[in-house]
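Using the hints provided, position chain B relative to the given structure of chain A.
Protein sequences appear in the order of chains A and B. First residue of the first sequence: 0, per numbering that gives the first Met the number 0; consecutive thereafter. First residue of the second sequence: 0, per numbering that gives the first Met the number 0; consecutive thereafter.
Hints may be right or wrong, so weigh each one.
[As the list claims (entries may be wrong)] Not close to chain A: a few residues of chain B, all C-beta gaps over 10 Å, as computed:
| # | residue |
| --- | --- |
| 1 | D39 |
| 2 | A50 |
| 3 | V168 |
| 4 | M186 |
| 5 | L205 |
| 6 | P210 |
| 7 | L211 |
| 8 | R251 |
| 9 | E262 |
| 10 | T263 |
| 11 | L325 |
| 12 | F355 |
| 13 | T389 |
| 14 | Y410 |
| 15 | R436 |
| 16 | L453 |
[To be verified] Heads up, simulated DSBU-like pairs for lysine-lysine below, C-alpha to C-alpha not over 35 Å straight-line:
| # | chain 1 | residue 1 | chain 2 | residue 2 |
| --- | --- | --- | --- | --- |
| 17 | A | K100 | B | K265 |
| 18 | B | K270 | A | K100 |
| 19 | B | K280 | B | K270 |
| 20 | A | K201 | B | K270 |
| 21 | B | K270 | A | K116 |
| 22 | A | K204 | B | K374 |
| 23 | B | K367 | A | K100 |
| 24 | A | K40 | A | K55 |
| 25 | B | K267 | A | K116 |
| 26 | A | K201 | B | K374 |
| 27 | B | K265 | A | K204 |
| 28 | A | K204 | B | K367 |
| 29 | B | K280 | A | K204 |
| 30 | A | K141 | B | K374 |
| 31 | B | K267 | A | K100 |
| 32 | A | K201 | B | K265 |
| 33 | A | K116 | B | K265 |
| 34 | B | K280 | A | K201 |
| 35 | A | K100 | B | K280 |
| 36 | A | K100 | B | K348 |
| 37 | B | K25 | A | K204 |
| 38 | B | K280 | A | K116 |
| 39 | B | K348 | A | K204 |
| 40 | A | K201 | B | K407 |
Please keep in mind that the hints were generated in silico from the structure rather than gathered at the bench. Values in this document were obtained by computation on a predicted structure and should not be read as measured data. Quick reminder that beta carbons are idealized off the backbone N, C-alpha and C, glycines included.
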Amino acid sequence: MDILIIEDDAVVSEFISERFEAEGHSVDLVHDGKSGLAKAKTDSYRVLIVDRMIPKLDGLAVIRAIRSAGLNTPILILSALADVDERVAGLDAGADDYLVKPFEFQELLARVNVLSKRASHSSGSQEELVVSDLCLNLRTRKASRADTRIELQPREFRLLEFLMRNVGQVVTRTMLLEYVWDYYFDPRTNIIDVHVSRIRQKVDKGFDQPLIHTVRGAGYVIREPG
Amino acid sequence: MLAFVAATLLIVAWIDETMENYLEQKAISFSEELSQEKQDFFHANGRDALAADISAFSVKNTDSREIYVLFDASCEVIAGAPGRLPNEFSNAEICGSLVAAGGTRIFALSRSISELDYQSEFISDALKIDEAVAQFAQLPNGESILSVLVVPEIEETRDFLDRTLAWLVGLLFAVGLAGAIFVTQAMSHKLDKVNSMSRDIRKGDLSRRVPLDGSGDEFDHLSANLNSMLDRIEQVLESHRQVTNDIAHDLRTPLTRIQTRVETLKSKLTKGEIAQEQILKIEAEIQSILQIFNALLQIAGIDSGRAANSFCEVDLATICFDAVELLQLSAETNDLSLEHSFYEPAAVKGDRNLLFQAVTNIIENAIKYSPPGGKISVMLKRNGNNCEITITDEGPGIPEAEFSNAFKRFYRFERHRGTEGHGLGLSLVQAVVELHRGSVQLKNLEFGLEVSVLFPSS
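Looking at chain A on its own, in the form it has when it is part of the complex (with noise of 0.2 Å):
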């Protein structure tokens, strides 16, 4: 199974679970949080998404007790409540993520991918991150593409760092935003897309292969050519 989905909202989950689905993930569906944390103790799961209010046992305690019976599962927190402290209220009790409701579906899929993959390689202290002929070392803060030096700006660097430590997945505007620039809101306009166009330029121009792909809707991936 890929992705446990604790979530009271019908229409949210049947929603969220028939789009995971359609894009060839297996999905669970729980209702409230006991059955949720029974499902995530017993059964293994690449993802769980967590509502905050749900029946029986609040999502706060359901994920503080998942991580004190020492599962390390990527957590999700799908929420209605978007404030600040809210935000750091989930991730101290052991979430990875936190997405505010309403969201865009791609917006989930997206990070769900990332906590997915995350999982699977611990990354950890990596010294340099390759995708194809791009190589970025993350000690000597240098970056090259077959072999020509790339001269980049820290934030750039940063861009990069997190596109290439999550090659192959989709990465939203709002995810660069929270990452890159550490801040946290829908930027409803091009402002993100201007950087990534200004790191395309340094990364693919003059190469036959482009590295660096827009995904309409979405946001953009860094991917091995072919």
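The following block gives chain B in isolation, referenced to the frame of chain A:
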């Protein structure tokens, strides 16, 4: 205040008058008693005994308050001390005119008066008792007796009375003034509450109410009425907003589903088909509707004020710097220079994400409306207890008449129609600024627009 002074003076005058009349009446009745006593003595002991008694009294009591003079029928003094009479008229004159008038007369004797009113049975108002009150009575044998009561106390009493009254007036003034100040203060305190509430409401905080003190006075009534009126207005506005938000909220889900279906449909079409082009257009339209709904719902969320519960200390300088850094590339892409001038940290209590979004929105607007080659500057100043962010561009500005519309939801200026955007950017700015108890102002410069945002610093 003037009415109070007038009333006080009137009361004092009335007291003065009444007391004076009382004293006069007292003196008159006492002098009548004295006169009656001498007449009774005459009837009991005869005329000679009376003459002897008066002579003896006059000799013995040269300082007495009582003076008696016995006149014969031709107004010659038989006994008594007429020299002590305090008036400038001769005894014969007084006696003569009194006899001519006949009967018993009461009159005032005074050095200050120039005329005696013998016609009156009583002392007329014009003849105020100054020093003495006299009673003239004819005896049955044709002789007559003048009994005078010297009343210097009247003057003293009046002085005393006047002094007391002066003090009283002074005290009354002091108490009145203090009272007036107290009442004014209490009133202005109560009015201040109403005023500060209406100021807050004008700024957009419709949840404010006048606190009731439970005294049940007129102010409490007024406040209660104002409050219930505001409740009603808030209800109406709230339901209006609720409808807008409900529409946005309820339409989101079906729209999202349509979007999903369109995506599925798109994946089944091959590239280059006309249908796919149409599908892409539909997708873009749905995307833009969803964005409007998202923006609306975000503004509604900010308006609810919930975010204020999680405010913490943030540095506006960092936020502005980050916004400038984030948008530098957008500015360059549009051939604009984006500059900033601030060096010191400026701490405010707030939500850094919302503040960042607000500053970003203002700068994005400036970028959108600036002609190529223009300059945009972001300044941050500390102004006493406030932090002020000023963002100027070299664009066309906004007609002053439209300033108040600039922050309205979905408002788009005539000249901006046809450009991208949904008219919610500045609404969000205003919502964020109000959430932080700040204010936002627009000003047209010679070339360009200045947007300044004022935040109370922490």
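* Hint consistency between B:K280 and A:K201 [alpha-carbon to alpha-carbon, up to 35 Å] -> 31 Å, holds
* Asked: Does B:K348 pair with A:K204 here, judged by a C-alpha cut-off of 35 Å?
  -> 45 Å, violated
* Asked: CA of B:K265 to CA of A:K204, is that 35 Å or under?
  -> 29 Å, holds
* Is B:K270 within 35 Å of A:K116, Cα to Cα? -> 31 Å, holds
* Is A:K201 within 35 Å of B:K270, Cα to Cα? -> 29 Å, holds
* Asked: Does B:T389 really sit off the interface, with its C-beta more than 10 Å from all C-beta atoms of chain A?
  -> Fine: 21 Å to the nearest Cβ keeps B:T389 off the interface.
* Say whether it holds or is violated: B:Y410 keeps its Cβ farther than 10 Å from all Cβ of chain A. => At about 17 Å from chain A, B:Y410 clears the 10 Å cut-off, so the statement holds.
* Asked: If you draw a straight line from the CA of B:K267 to the CA of A:K100, is it 35 Å or shorter?
  -> 29 Å, holds
* Does A:K100 lie within 35 Å of B:K270 when you go C-alpha to C-alpha? -> Answer holds: B:K270 to A:K100 is near 34 Å, not above 35 Å.
* To do: Starting from B:K25, check that the Cα of A:K204 is at most 35 Å away, please.
  => 123 Å, violated
* Is the straight-line distance between the alpha-carbon of B:K280 and that of A:K204 35 Å or less? -> Between B:K280 and A:K204 the Cα gap is close to 29 Å, so the pair holds against 35 Å.
* **Interface-negative label, B:T263 against chain A, beta-carbon threshold 10 Å** => 7 Å, violated
Hints 8, 9, 10, 11, 12, 37, 39, 40 from the earlier list are contradicted by this structure; the remaining hints agree with it.
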